[in-house]
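First to last, the protein sequences are chains A and B.
This note's numbering applies: residue 1 is where the first sequence begins, and numbers increase by one.
This note's numbering applies: residue 1 is where the second sequence begins, and numbers increase by one.
Read the hints as simulated data drawn from the structure, not as lab findings.
For every residue, glycine included, the Cβ atom is placed at its ideal position computed from N, Cα and C.
Hints may contain errors.
Derived SDA-like pairs: lysine to any residue, alpha-carbon spacing no greater than 25 Å straight-line [said to hold, decoys possible]: (1) K161/A - G92/B; (2) K161/A - P246/B; (3) K161/A - R36/B; (4) K161/A - R30/B; (5) K161/A - G182/A; (6) K161/A - A292/B; (7) K161/A - S160/B; (8) K161/A - A104/A; (9) K161/B - N178/A; (10) K161/A - D106/B; (11) K161/A - D250/A; (12) K161/B - G182/A; (13) K161/A - H300/B; (14) K161/B - D106/B; (15) K161/B - V301/A; (16) K161/A - P224/A; (17) K161/A - N178/A; (18) K161/A - G211/B; (19) K161/B - P224/A; (20) K161/A - E90/B; (21) K161/A - E125/A; (22) K161/A - L248/B; (23) K161/B - A104/A; (24) K161/B - R30/A; (25) K161/A - M44/B; (26) K161/A - E88/B; (27) K161/B - A112/B; (28) K161/B - P91/A; (29) K161/B - R256/A.
Cβ-to-Cβ under 10 Å is the rule here; a few derived chain B residues that face chain A [stated by the list, open to error]: (30) R167; (31) G243; (32) P293.
Between beta-carbon pairs, the in silico distance windows are [as the list claims (entries may be wrong)]: (33) G276/A - T42/B: 54 to 62 Å; (34) A299/B - T4/A: 46 to 54 Å; (35) R179/A - L302/B: 24 to 32 Å.
Number of protein chains: 2
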Amino acid sequence: MALTEAPLLRALAGDRPDRTPVWFMRQAGRSLPEYRELRVGTRMLDACLTPDLAAEITLQPVRRHGVDAGIFFSDIVVPLRLAGVEVEIEPGRGPVFADPVRTAADVDRITAIDPEGLDTSAIREAVRLVVAELGGTTPLIGFAGAPFTLAAYLVEGGPSKEHLRARAMMHTDPGSWNRLAGWLARVSRTFLDAQHAAGASAVQLFDSWAGSLSQADYCAFIKPHSAAAVDGIDAPVIHFGVGTGPFLADMRLDGRADAVGVDWRMPLDEAAAVLGDDVTVQGNIDPALLTAPWPVLEAHVLDVLRRGSAARAHILNLGHGVPPETDPAVLTRIVELVHATPVEDPAVTAGVAG
Amino acid sequence: MALTEAPLLRALAGDRPDRTPVWFMRQAGRSLPEYRELRVGTRMLDACLTPDLAAEITLQPVRRHGVDAGIFFSDIVVPLRLAGVEVEIEPGRGPVFADPVRTAADVDRITAIDPEGLDTSAIREAVRLVVAELGGTTPLIGFAGAPFTLAAYLVEGGPSKEHLRARAMMHTDPGSWNRLAGWLARVSRTFLDAQHAAGASAVQLFDSWAGSLSQADYCAFIKPHSAAAVDGIDAPVIHFGVGTGPFLADMRLDGRADAVGVDWRMPLDEAAAVLGDDVTVQGNIDPALLTAPWPVLEAHVLDVLRRGSAARAHILNLGHGVPPETDPAVLTRIVELVHATPVEDPAVTAGVAG
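One chain only, chain A, in its complex shape:
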């Protein structure tokens, strides 16, 4: 099978492949014992920047679960680390920056770094190792953080609940905000380009915190920068955010997104109705149900498949990342179920219109 015939890439192109492609956000990571073993003694960002380690971690879930895509093991702040920004991932907390970017002078300082000049050799090397191992049949998805989510960490200096400081900057000093977000778009674009150039077949832009915004703020202060991060990229684009139901159509980025990822809150048939019939949907198993008894989870997965069939094409995923405490056997079983369920099966497609 040629890579272009891989179910994931066919679904992104708008075809309905014979089986629904499935992968899981954060499939490479803490839910796997083989990952936890490999990571002992290595800090997160060091692991991301060690090519053979990042490659092996990327491949682990593909081997174990038989998913239809690898997702490159990295972190949205990796290109910022490559740009010389002092950042660490603190276990159980998230990215922490030594110098938060809060003032116009802070923005001047950070945006003086040339984002196209980053040394992405470690990233490209890791991607090449993965792609060689995948053997031309399973696609690799590259990814990057959307400018707002990166800014939410960078302005605050670390994780926050409602991202007040980043959201304040938009209104208080829109000039600085737009310079910062525009620079972050170029940083993420450089990261995406490196992964794509080294062999990633598709890319996903993650806007984990976009759900803290009103639609008006999203459209005025975020969307142009997210669009710039993927504009003209020569690979299919998946755009995912959490809590973006109230402005889901804007997540299409005016046609730049080939697929829109939907979190667990909005049924995929409703999402498809909002998004239109010229974009693929991705999602949206509720991560809370991964601990439910199998018959409950199975019924939920079949319901997600049924609703997903209302879109032009559907990539099965969770509605957010794999929780660290997930039993990996459950993920494997979901893949088996999805692959055993033909897209045309009347039991699946019945009731789509209802």
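Model the placement of chain B on the given structure of chain A, informed by the hints.
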């Protein structure tokens, strides 16, 4: 002026008082230096259960800002503490329970406590002190946590991002879930009844975490219990949740809510269109803008007033609680602006329909 003529109570009754009533969620608390001084050496729940302390803290923002209502200083877990549940509020983290309620046996154990038998004397005493001091002109709002938000803490054992364990219980063991949520509704109802009996003129049900739910889950597993918490109460009811835009109309609790609180994400004119013309709206200054230069914040407040005039009546508030680092002078200035802006002023009402 009789208390029934107070702008807050007139707005809750559906009238348009001469001036828009204004209060702030978490107005009693960490943004005030006089609060931080009073709290030195006293743990949060101990402060809540010391009548003269709770009363003084409740009164501080009313004196300082001239708001149109006091909100009783307490915490949603106070009635659980009164029920003998081992809980503490950890500074910077939130409520932490010694024994999370995760299994059917855990649910059996906790629901064996009679929620109507709680000793609420400290609550009633504090409310009486506040109401005496307010002198019959400024109403006091009592409050309680909605069953889902309480359960989100109780099942997890503390704060969590996406409340996976509580949401899993709904689907995994709906019987236990409904027993737990039903019991929590009675606990919160007992708390509301105590505050109302002692003189609170209105009550607010807080569902801070409801936004993590799909509409389907909200309606199936939450709404009946939230409705039970306020059903038939002899006081106007305000129902507030964060991120509830996708099921805002359900927050009316089938007419049991006299006002629905709206977070900063959804403009009040859109909210009013969804909610209908027989309910009052409350909200929704974006807390992120409290640090903006005054002209930016002023324009935002006037925009909120303008949009709020699309509802049958409007209570000005923030879209979430006052951030601890807020300059209290900014809150006072907002109150002055709101009170100086007549509801009928053409500059305010122009463009409402647009």
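Okay, the hints, checked on the actual structure:
Between K161/A and G92/B the alpha-carbon distance is near 12 Å, which keeps this suggested pair within the 25 Å criterion. This hinted pair checks out: K161/A and P246/B have alpha carbons roughly 20 Å apart, not beyond 25 Å. A threshold of 25 Å between alpha carbons decides the hint, and for K161/A with R36/B the separation of about 22 Å falls inside it, so the pair holds. The straight-line distance between the Cα atoms of K161/A and R30/B is roughly 17 Å, inside the 25 Å bound, and the hint therefore holds.
Taking the CA atoms of K161/A and G182/A, the gap is about 23 Å. The hint holds against a cut of 25 Å. Restraint check for K161/A and A292/B: satisfied, since their Cα atoms lie roughly 19 Å apart, inside the 25 Å limit. Straight-line distance between C-alpha atoms of K161/A and S160/B comes to about 11 Å, which keeps the hinted pair within the 25 Å bound. Pair hint K161/A plus A104/A holds up; C-alpha atoms about 23 Å apart against a cutoff of 25 Å.
With a CA separation close to 29 Å, the supplied pair K161/B and N178/A exceeds the 25 Å bound. Between the alpha carbons of K161/A and D106/B the distance comes to roughly 30 Å, so the proposed pair goes past 25 Å and is violated. The suggested pairing of K161/A with D250/A holds, with an alpha-carbon distance near 23 Å, which does not exceed 25 Å. Annotation: proposed proximity of K161/B to G182/A is violated, straight-line Cα distance about 29 Å (limit 25 Å).
Of the pairs offered as hints, the one joining K161/A and H300/B holds, with about 22 Å between alpha carbons and a cut-off of 25 Å not exceeded. Among the hinted pairs, K161/B with D106/B is consistent with the structure: their alpha-carbon atoms are about 22 Å apart, no more than 25 Å. Restraint check for K161/B and V301/A: satisfied, since their Cα atoms lie roughly 23 Å apart, inside the 25 Å limit. Restraint check for K161/A and P224/A: satisfied, since their Cα atoms lie roughly 24 Å apart, inside the 25 Å limit.
The straight-line distance between the Cα atoms of K161/A and N178/A is roughly 22 Å, inside the 25 Å bound, and the hint therefore holds. About 13 Å separates the Cα atoms of K161/A and G211/B, which keeps this hinted pair within 25 Å; it holds. For the hint pairing K161/B with P224/A, the CA-to-CA distance comes to about 28 Å; that exceeds 25 Å, so the pair is violated. Under the criterion of a C-alpha separation no larger than 25 Å, the hint pairing K161/A with E90/B is consistent with the structure, at around 17 Å.
For the hint linking K161/A to E125/A, the alpha-carbon distance of about 35 Å lies beyond 25 Å, and the restraint is violated. Under the criterion of a C-alpha separation no larger than 25 Å, the hint pairing K161/A with L248/B is consistent with the structure, at around 21 Å. For the hint linking K161/B to A104/A, the alpha-carbon distance of about 31 Å lies beyond 25 Å, and the restraint is violated. With a CA separation close to 17 Å, the supplied pair K161/B and R30/A stays within the 25 Å bound.
Pair hint K161/A plus M44/B holds up; C-alpha atoms about 21 Å apart against a cutoff of 25 Å. For the suggested pair K161/A and E88/B, the alpha carbons sit about 21 Å apart, so the restraint of at most 25 Å is met. Only pairs whose Cα atoms come within 25 Å are accepted, and K161/B paired with A112/B is rejected, the gap being roughly 29 Å. Taking the CA atoms of K161/B and P91/A, the gap is near 15 Å; set against the 25 Å cutoff, the hint holds.
Pair hint K161/B plus R256/A does not hold up; C-alpha atoms about 30 Å apart against a cutoff of 25 Å. Interface hint at R167/B: satisfied, since its Cβ lies 4 Å from the closest Cβ of chain A, which is below the 10 Å cut-off. Here the hint on G243/B is kept, as its CB sits about 6 Å from the closest CB of chain A, short of 10 Å. With a cut of 10 Å, the hint placing P293/B at the interface with chain A holds, because the nearest CB-to-CB distance is about 6 Å.
G276/A and T42/B have their C-beta atoms about 57 Å apart, which keeps the hinted 54 to 62 Å range intact. The hint said 46 to 54 Å for the Cβ distance between A299/B and T4/A, and at roughly 52 Å that hint holds. Taking 24 to 32 Å as the suggested C-beta distance range, the pair R179/A and L302/B conforms, at roughly 28 Å.
In this structure, the hints that do not hold are numbers 9, 10, 12, 19, 21, 23, 27, 29, in rising order.
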